[in-house]
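Enquirer: Read off the chains here:
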Amino acid sequence: MTKPEPVALFTTQDWSTRAFVSWRGLILGLLGVFSLMLAYRMYQQVFGWTAGLDATAPAFDTYWMNLLKAELVILTTSWAALWSYLWFTRDRNMAQLAPREEIRRYVNLIFFIFVYAFAVYFTGSFFAEQDASWHQTVVRDTAFTPSHIVLFYGTMPLFVLFGVGSLLYAMTRLPKFAERLSLPFMLAVGGPFLILPNLGYNEWGHAFWLMEEYFSAPLHWGFVVLGWSVLALGGLLVQILQHLMDAIRRAEIQAEAQSLSVV
Amino acid sequence: MKRSQSHQRAVRWLFSLMCLMVAGPALAHGERNQEPFLRMRTAHFYDVKWSTDHIAVNEEVTVSGRFRLFEDWPANLPKPERVFIGNGTPGPVLARVESYINGSPAIQSGPLQLDRDYEFKTVLKGRIPGRHHVHPMVNVEGAGPLLGPGSWVEVSGDHADFKLPLTTLDGTQIPNLETWGVDMVVRWQGFWILLALVFAGWWLRRPLLMTRLRALEAGREDLLVTRGDRLWAAVFLTGTVLTVFGAATWAENRYPRTVPLQAGQFRVDPLPRNAHEITVKVERATYDVPGRSMKMTLTLHNPLSRPVQLGEFLTANLRFVNHAVPAAMALVDPRYPADIVPRAGLTVHDAAPLAPGETRSIKIEATDAAWESERLTSLLTDPDNRVGGLLFLFDDAGERHIANVSGAIVPVFTGG
Amino acid sequence: MTLPIKPPPEGEFIEIYGQRWSRWAATLSARLDIVISLIIILAITAAFHLHFQLLAGDWDFWVDWKDRQYWVTLTPIVAITFPAALQYVLWEKFRLPIGATLSITCLLAGAWIARVFGFHLWSYFPFSLIWPVLMIPGALVLDCALVLTGNFFFTAVIGGMGFAVLFYPGNWPMLAAYHLPVEVMGTLVSVADYIGYAFTRTATPEYLRFIERGTLRTFGGHSAWVASAFSGFVCVLTYLVWWHIGMLMTRVTTLPNRWRAMFGMPDHQTAAVAPAEKTHEA
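Chains A, B and C are the protein sequences, given in the same order.
If you're matching positions, the first sequence starts at 0 in numbering that gives the first Met the number 0 and goes up one per residue.
If you're matching positions, the second sequence starts at 0 in numbering that gives the first Met the number 0 and goes up one per residue.
If you're matching positions, the third sequence starts at 0 in numbering that gives the first Met the number 0 and goes up one per residue.
Next up, chain A with everything else stripped away, as it sits in the complex (with noise of 0.2 Å):
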């Protein structure tokens, strides 16, 4: 018997990089979100000193309390429009979702946490050790000093807008995440959600119990909590290598059967 020809099984498709990603959403994301955060950081630059001292001041509601009131708007209605438009194209049938498309569409999942870690960044990061050095310079005097309304009403909507996004995209268009509620990704993005609402924890230790100002206080530690929550990232990370070498599989398995109806 003779020993049978090889026959090449990825010729008659594309299976280059460029099949399974898309860059330009990545990018426009990253750009969005970096220019937004530059633009805040030079408002606050101008702005915080010459405006932002005394919230008495009417120069204060001109620049800072107008500043809260418009991102306030903007964001709550950016959350309506991208959750909205993430339901209203959902894939009402993804049982029968080809395996290249399904790859396709986790590479775009990781891009959507790319754009959330990104915005995470500069949350817990940039802007909030940056409120640091601003409460050494004033006396506080109110919830919204120009840095918490960036850091608070400002940057913290916006990368909840982009954590509920991509668990919504990854609901409602990859078969696994419609089929089964993934808590790694629920805790990854509900954890820094609630980030939100403990303001509320924050505010009051402010104003009723501790009147020194240290970052290492009590009334902070609902954030400390919170933060931790990032770390279910990493079940997340497991879960999707998972699916996306299962998906591989079966796109080769796919591949390999058209191969052989060809011979």
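Be aware that one or more of the hints could be misleading.
Simulated DEER-style distance windows between Cβ atoms [what the hints assert, rightly or not]:
1. B:Val234 x C:Phe229: 29 to 37 Å
2. C:Phe153 x A:Val72: 49 to 57 Å
3. A:Leu30 x C:Ser36: 18 to 26 Å
4. A:Ile73 x C:Arg257: 45 to 53 Å
5. B:Val234 x C:Ala228: 56 to 64 Å
Hints are computed from structural coordinates only; laboratory data are not their basis.
None of these values were measured; they are calculated from a predicted model.
Ideal placement from N, C-alpha and C gives every residue a C-beta, glycine not left out.
Position chains B and C relative to chain A; hints supplied.
Expert: Okay, now just chains B and C, sitting in the frame of chain A:
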């Protein structure tokens, strides 16, 4: 050094591309939103002077004066068992060079007494150019910052020229405290960051995630952690420990005489006070909300041997001065911030001096829009409605006497 | 569906860690390695930095809080947490012994960026007052201990103690210059005290410093070593707890989705799963 400072300037310029100036600069930095009970019944600052209102970078301005920690201290605030003479500027725009309380150095914190007066002096050095609001300030542990009156000080020049030199006890010359030791920090940390990248790079150069996950699940740990990996780790472990202890030894030898952070407390006696002072009892105090006027009926008793007149009522840094008393008017420096010296001053309904030994009921009135602009009208939203302040009385020899005023206050809405 | 037995065509498959990978999948995996690494760096910087600044931040922000007692004790305990958790994830799932080094280096990078753009460029604090602490030596020891022992318990003991004990000597080359004695206004202070005093923080009076204020015993002035030893002990325990927190967070737990039909997966349908693989090891 100059190059890194001009680099900092360039970066700051980049961050200030929009150069719109705002009309009407801020007049304060947070104190107006402190509750009225805090501002009226904690620290009262008086005789405050700013030696100048314009300095160049590296030049000095001295803020001096006195303060009294009020006898009717709010019960809901901790007592001043640990107090620090702070610096009421928006951050380190001026560098503090020296500070004293009753002539003793105030670099530490310490206990102060209620109902006693203290003299303070702070010497500040211009650092960041701009127009800065400078207040004296006292921090009380658990209560927070208590700010005195603020005045504008203009700092001109270039921050790059700022220097704060110091000579240590072992003769080391520090050219500028802003940059002392930073070189070593950058080099030492840069070295370790590089080492960290090299260490991690040993693994990061290989396929990382899905590939390793799959191999581990298939039981091929032998291919994932090799002898070479272990050797790499052993070298780094040994090298790290030796380098750290070697460098620490070098530092010990380089700086053999070091001291820990100094955390002692100061002890200072308050200014002496007279055995007898004028006493004030508040019979009735009202705050007329639409009329922006505080009216009080006070019973004063003069135990002194000389007649006295009511010269000034000070509360929450507002100075209501009786224009009819020349000695009181003489104490108003023309350079004192005008926005907290209400123009109408203090109205005293019974202008006759209080004779020695006399007890009399006197009505006074302090009316000005400053009550509203200083947000003292939010007394209405305070759960603690008691007025507090100092009354300055002057005898016929021009000597000043200070009395505490405190009592319940009631709002009035009818404009009467 | 089973695979037909055919020899793999030359060039379409490669071997990585003893496993057969199609080239296209290997390339895709390599691209995703980079992207996911960046995600991990961003997420760890955000979460660890937030955790650290709100638990040990004040000691890290200011040079005049870096004492021999509280700073030396608390900082390593607070800082060993995320390295332990990340070591679990990266070692147990990927056999990557870079969890501690990665997280500590991310923390340092995040801290420096915030100090430069926030503390220095916005609030004008000089770098001599605000430089962040160095913990990379201890992180390296943690990772090396994990590679050499392959065991979380021994890593906790050796690495945890090492992480704490290397903390003070690792920072002393920078800190020593700030502890030179100085006389100001007739009082003895250290250079660090004076820097904190001169470059004023409106909301940080001197008494707020949670630092060594003197006790009956300091063992000949060697408070830092006593504090380090205690810190090491607590670090070992903290490591053990946080290794298990990492385990909890990495567990892939799923629950049935009661609303799956609304999401496009009716109850009678299931997500496709690949059949069990015949081994194709080289």
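Enquirer: Confirm or reject each hint.
Expert: Here is how each hint holds up against the structure:
1. B:Val234 x C:Phe229: 29 to 37 Å: holds, 30 Å
2. C:Phe153 x A:Val72: 49 to 57 Å: holds, 56 Å
3. A:Leu30 x C:Ser36: 18 to 26 Å: 20 Å Cβ-Cβ, so the 18 to 26 Å window holds.
4. A:Ile73 x C:Arg257: 45 to 53 Å: violated, 34 Å
5. B:Val234 x C:Ala228: 56 to 64 Å: violated, 27 Å
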